[in-house]
Amino acid sequence: GYSRKVLQYFLHPKNVGEIENPSVTAKAGSPACGDMIKLYLKIEDEKIVDAKFRSYGCAANIATASVLTEMIIGKSIDDAKKIKFKDIVAELGGLPQIKHHCAVLAAEGLKQALAKWDVIQGRREIDERFVKLILAAVIDPLTGESVLH
Amino acid sequence: MVIYLDNANTTKPDPEVIKVMIEYLEEKYGTPGGEFGHIFDEDAREAVEEAREKIAKEINASPEEIVFVSDETEADNLAIKGVAWARGKGKVLASKIERKAILNTVNRLKEWGFKTYEVGVDRKGFINIEELQSSLDGAVLFATHLGNFEIGTIQNIRAISEVVHENGALLYLDANHAFGKIKIDVQKLNVDLMSISSHLIHGPKGVAALYIRKGVKLKPILDGDLRERGIRPGMINVPSIVGFGKAVELINYEDAKRMAKLRDKLIDLLLSIPDTKLNGPKGDMRLPNNVNVSFNYVEGESVLLHCDMRGLVFSTGSACYSQDLLPSHVIRGIGGSFEDAHGSVRLSLSKWTTEEEIVTAYEILKDVVEKLRKISIYGGRK
Amino acid sequence: MVIYLDNANTTKPDPEVIKVMIEYLEEKYGTPGGEFGHIFDEDAREAVEEAREKIAKEINASPEEIVFVSDETEADNLAIKGVAWARGKGKVLASKIERKAILNTVNRLKEWGFKTYEVGVDRKGFINIEELQSSLDGAVLFATHLGNFEIGTIQNIRAISEVVHENGALLYLDANHAFGKIKIDVQKLNVDLMSISSHLIHGPKGVAALYIRKGVKLKPILDGDLRERGIRPGMINVPSIVGFGKAVELINYEDAKRMAKLRDKLIDLLLSIPDTKLNGPKGDMRLPNNVNVSFNYVEGESVLLHCDMRGLVFSTGSACYSQDLLPSHVIRGIGGSFEDAHGSVRLSLSKWTTEEEIVTAYEILKDVVEKLRKISIYGGRK
Ligand SMILES: Cc1ncc(COP(=O)(O)O)c(C=O)c1O
Ligand SMILES: Cc1ncc(COP(=O)(O)O)c(C=O)c1O
Ligand code: FES
Ligand code: FES
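Residue numbers (our numbering), protein chains in the order written: chain A, 922 to 1070; chain B, 9 to 390; chain C, 9 to 390.
What the hints contain is simulated information worked out from the structure, not anything from laboratory work. This one's a predicted model, so the numbers in the text were calculated from it and none came from an experiment. By construction, the Cβ of each residue, glycine as well, lies at the ideal position given by its N, Cα and C atoms. Where hints are given, some of them may not hold.
In silico lysine-lysine, DSS-like type, Cα no more than 30 Å apart, as pairs [claimed, not checked]:
id, chain 1, residue 1, chain 2, residue 2
1, B, K196, A, K935
2, C, K227, B, K123
3, B, K132, B, K374
4, B, K225, C, K123
5, C, K123, B, K99
6, C, K27, B, K62
7, B, K382, A, K1032
8, C, K99, B, K227
9, A, K963, B, K379
Covered stretches of chain C, as calculated for chain B (at least 3 residues, CB under 8 Å) [said to hold, decoys possible]:
id, segment
10, 21-30
11, 146-155
12, 225-231
13, 239-249
14, 348-358
15, 361-368
Build out the structure end to end from the sequences listed, making use of the hints.
Following this line, the structure appears as structure tokens:
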């Protein structure tokens, strides 16, 4: 089952909602179960000053997205880029093995948002690799299939 | 106080059931061996045979047609593999919306060279009898259910058995979820094999019964001694069997009538929540204790956990909740979208469910769904 | 007052076992579903995992290596068919004196093209390791027991496992009758699969455990959901599993020492009856609770029934007593005559057996045997 901390974040998620005029947004869908999160970031001087999320998914999905927003608020872009799914799992005090992909989903959302931000800043090309990164893991919950197909 | 609406998963044993079980745990702990067990074992043997008689009588079978097994999964496997192996080759069919134990067992038969086919169902979960009819060429067995475990659809078994028998195949009926709620007569339904289980009718876990019509041949799955006439060798689980017998004795079809009324009330209440739809049929063709709805824009596991914290217990067809991360094949089978499955919840009543519980369940669900829709990407709109 | 000396058939559940079972029958009646059952099911899931840990620890295995099944017959079938089916083809061996569930399962494998072989034993029931060694060509599995269910012989498993593994085969050990009486360490014994059951150690019926060493592949017999990691899908029999865990917790090897002393006393007393011989070895190589003797000139069922009337309960290897009217294949397997099997009785002790009961049992048996010999054609002489 879930740890107390996961349940806490699930029952009382922090940073739910949308940011008006976000610097960047990203959507990530899990190829495992078909769930989705959407991340909204406000970035100032290469620092994340605000983060919010919306979720269509399980308790682990909601908890990981929520704890992720807490982890990144106040971090520099470079530091945020270093966050791996395992860090999110650790921050929650562990997740059942079968729910690790929910943390992957959250990490993926962050990765995409930051890649988009690099493009906006002119630091990154919109090449095939970038487009695949954005689209690959995005799952349409209505069909349960990747929007790439 | 927990509101337990997961009675299609398992039920609370009746106090009278527990009482007889304790007797066979504490004092009459023997186990039927051969025909001539010592007198100590006779108590156990007689109790087992008495339970067998009660169960047989309840479904209008004879005691020799009842074999005790450990659970419904074993019954499914024994019926399906047993008949297929006895026949040697041919086609084995099931509907698309059977329990996993049936679907996976049928599928496994390919390893032994059998052909298989999954018959489709309509939007309410009723088996497409024309499709069945046209797929029965070379069939040895059709495995299906009486009442669907997830959406409650009650199949037209008389029509199905006619078609199946016309084509020379046998019919195996998983009656686990209907048993005790709708009166079953194996002669009238004209089934060849049928399974019913104890833990879904306020009996103990650890036992189910397989009805095998006299003359139907099947090969056992388990080899061993000659218990259960060699069809199911092994230890006879006396306390569970005796408890099963008591649970059957306690069946009262008035309970089912009451449940059906509460079911309809709960369905009406839940459908008053916006963007909610019913899965399965309404009225008499639905199991009296089954409610299944899909809430748009939210995911079932989240709904379930929130409710759980507030003392309301049920199941969901969400992919997130399943061990293989796949959404309910039943909701998908009736043509529901991925989202319909993901946001589906099954609430199953028992004879002890009260009107007050039904109303409270609705209130909790309404509140939780509203809360989660606020978090949802879809925000309550598409 | 009954003197129950049929503890190798089944045992009386310990009152503490019944107590925990009642808790899981009355209140915590949920059943573990997926990983994330609602909290109601969590109680059941945790209790099952706790039982699994206790059992694993008792035999020095890890919890992931333990799969719960319904009884020892199922364990035998799952281990033997599971490994054979996973390997696809080859030879499967057992000793001549296994339980029927093992012998018949091995024999059944012929249907799937496997070769089979039954290894002989010596006069005391010890497996002929040279014969085993020379029969292992192309073998995938040797299925045998730790302590013999009928004559109590404890096999030299370390020597057996060495020979079996040298030849690239796996070793399945039926430890049902030894478990709880002699300390078992799966690492030291070096077995690949092993079964132990609840109802033989004062636990409930309805559950047994199969140890499957990490890395050993087997195909399930039953198909269904993903419970027990798909190796044994189906309903989790929570009260029985919890009771099993408690029974394991209650194991005390001091009981075995006491039983061994009473066993030896009973053997000595019975051998003082003329024309009586011991089946199986004496001393440390015999299960601490097993006594098996053959009374010449009399038939076991008659002995058993007479004793029964006088409150003494045990088993016999007589053909008249068996459901297939065949004399004990174990007594025949160790080279005993038809008469030896026919007149054999097995008395099996429990931790509750008292010295007084042992003496009374002897007195009753002596009297009954004398009486029957007067009726006998052989009249006490050949
Ligand atoms: C002679 C005999 N048959 C059968 C059994 C029960 O074993 P199973 O349930 O595996 O058949 C026992 C129990 O130990 C036994 O002694
Ligand atoms: C979804 C689901 N899975 C599994 C089961 C248990 O059935 P079985 O023990 O045959 O797998 C049930 C019980 O009705 C069920 O509803
Ligand atoms: S988002 Fe579906 S399992 Fe977590
Ligand atoms: S003499 Fe009657 S069964 Fe043996």
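* Can the segment 361-368 of chain C be counted as covered by chain B under the rule of three residues or more with Cβ-Cβ separation shorter than 8 Å? -> violated (count 0)
* Asked: Are K227(C) and K123(B) close enough, with their CA atoms no more than 30 Å apart?
  -> Status holds; Cα separation ~20 Å.
* Asked: CA of K196(B) to CA of K935(A), is that 30 Å or under?
  -> violated (59 Å)
* Quick check: the segment 348-358 of chain C, covered by chain B? Criterion 3+ residues, Cβ under 8 Å. -> Violated: only 0 residues of the segment 348-358 of chain C have a Cβ under 8 Å from chain B.
* Asked: When you check the alpha-carbon spacing of K27(C) and K62(B), does it fall within 30 Å?
  -> holds (28 Å)
* Asked: Between K225(B) and K123(C), is the straight-line Cα distance small enough, at 30 Å or below?
  -> holds (26 Å)
* To do: Take the segment 21-30 of chain C, compare each residue's beta carbon with every beta carbon of chain B, and decide whether three or more fall closer than 8 Å.
  => holds (count 5)
* To do: Assess, step by step, whether the Cα of K132(B) is no farther than 30 Å from the Cα of K374(B), and give holds or violated.
  => Judged against 30 Å, a Cα distance of about 24 Å means the pair holds.
* To do: Three residues minimum, CB to CB under 8 Å: does the segment 146-155 of chain C make the cut for coverage by chain B? Let me know.
  => violated (count 0)
* For the pair supplied as a hint, K99(C) and K227(B), confirm whether the alpha-carbon distance does not exceed 30 Å. => holds (23 Å)
* Hey, K963(A) versus K379(B), does the alpha-carbon distance stay inside 30 Å? -> holds (25 Å)
* Asked: Does the structure keep K382(B) and K1032(A) at a Cα separation of 30 Å or less?
  -> Distance of about 25 Å is within 30 Å: holds.
Checked against the numbered hints listed earlier, the structure breaks hints 1, 11, 14, 15; every other hint is satisfied.
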